[in-house]
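2 protein chains.
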Amino acid sequence: FQVAPHQASRASSALFAEYEPIEGEGKINLKIDLDIPKVATMDEIEKGKKVYCRCWLSGTFPLCDGTHQKHNEATGDNVGPLIVSVKKD
Amino acid sequence: FQVAPHQASRASSALFAEYEPIEGEGKINLKIDLDIPKVATMDEIEKGKKVYCRCWLSGTFPLCDGTHQKHNEATGDNVGPLIVSVKKD
Chain A
1 FQVAPHQASR ASSALFAEYE PIEGEGKINL KIDLDIPKVA TMDEIEKGKK
51 VYCRCWLSGT FPLCDGTHQK HNEATGDNVG PLIVSVKKD
Chain B
1 FQVAPHQASR ASSALFAEYE PIEGEGKINL KIDLDIPKVA TMDEIEKGKK
51 VYCRCWLSGT FPLCDGTHQK HNEATGDNVG PLIVSVKKD
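These protein sequence lines map, in sequence, to chains A and B. Residues 1 to 89 (the working numbering) are what the first sequence spells out, left to right. Residues 1 to 89 (the working numbering) are what the second sequence spells out, left to right.
Since the hints were derived computationally from the structure, they do not count as laboratory data. Don't take each hint at face value.
You can't tell identical chains apart in this list, so a pair holds if it fits in one copy or across any two.
With a straight-line Cα cutoff of 30 Å, these simulated DSS-like cross-link-like pairs (lysine-lysine) come out [claimed, not checked]:
1) K88 / K27
2) K70 / K27
3) K87 / K31
4) K88 / K38
5) K87 / K49
6) K38 / K27
7) K31 / K49
Treat the numbers as computed from the prediction; the structure is a model and nothing was measured.
With these hints in hand, go ahead and build the complete structure from the sequences.
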């Protein structure tokens, strides 16, 4: 008895959690740096706070410019920014 | 000569930039706090760095758990996290 190659492969991949896309899941970035494989952003904060875009539509990306509000109104979405502040000692 | 009400309204709204959704723009949050109108997140960082989710799929939202990579593979998207570090004096 031999396991066919495609069965062995299936059994092997079952050891890992398969990714199940959510219904309706598609591209969420239609604007920012579309020519690169992945838009990861490094940023520094020294004091106070910064407001970061999570809608991928800001004209000041990676910072928020409020466009999420228009996006939410147009699509029924509920996204908003990330506000990071430096904790005082 | 009188401006009809709908014309006056149109002229007035033209003073503001109309929002033009991008082709294919739709909901980007299919998972996080869908019962609230807007998911804005406040977070503090004291030292070092934090890695924040921008794909709206992380199991550790608002922090990144790497799910963007599977999302990118499944959809052809190119999103990635935001990494914020505290700048040393």
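Evaluation of the provided hints:
1. K88 / K27: neither (38 Å within a copy, 36 Å between copies)
2. K70 / K27: So K70 and K27 pass the 30 Å test inside a copy (18 Å) and across (12 Å) alike.
3. K87 / K31: between (32 Å within a copy, 29 Å between copies)
4. K88 / K38: This pair counts as between: shortest inter-copy Cα distance 27 Å, intra-copy 33 Å.
5. K87 / K49: both (9 Å within a copy, 12 Å between copies)
6. K38 / K27: both (12 Å within a copy, 20 Å between copies)
7. K31 / K49: So K31 and K49 pass the 30 Å test inside a copy (25 Å) and across (27 Å) alike.
Violated hint for the displayed structure: number 1, the only one.
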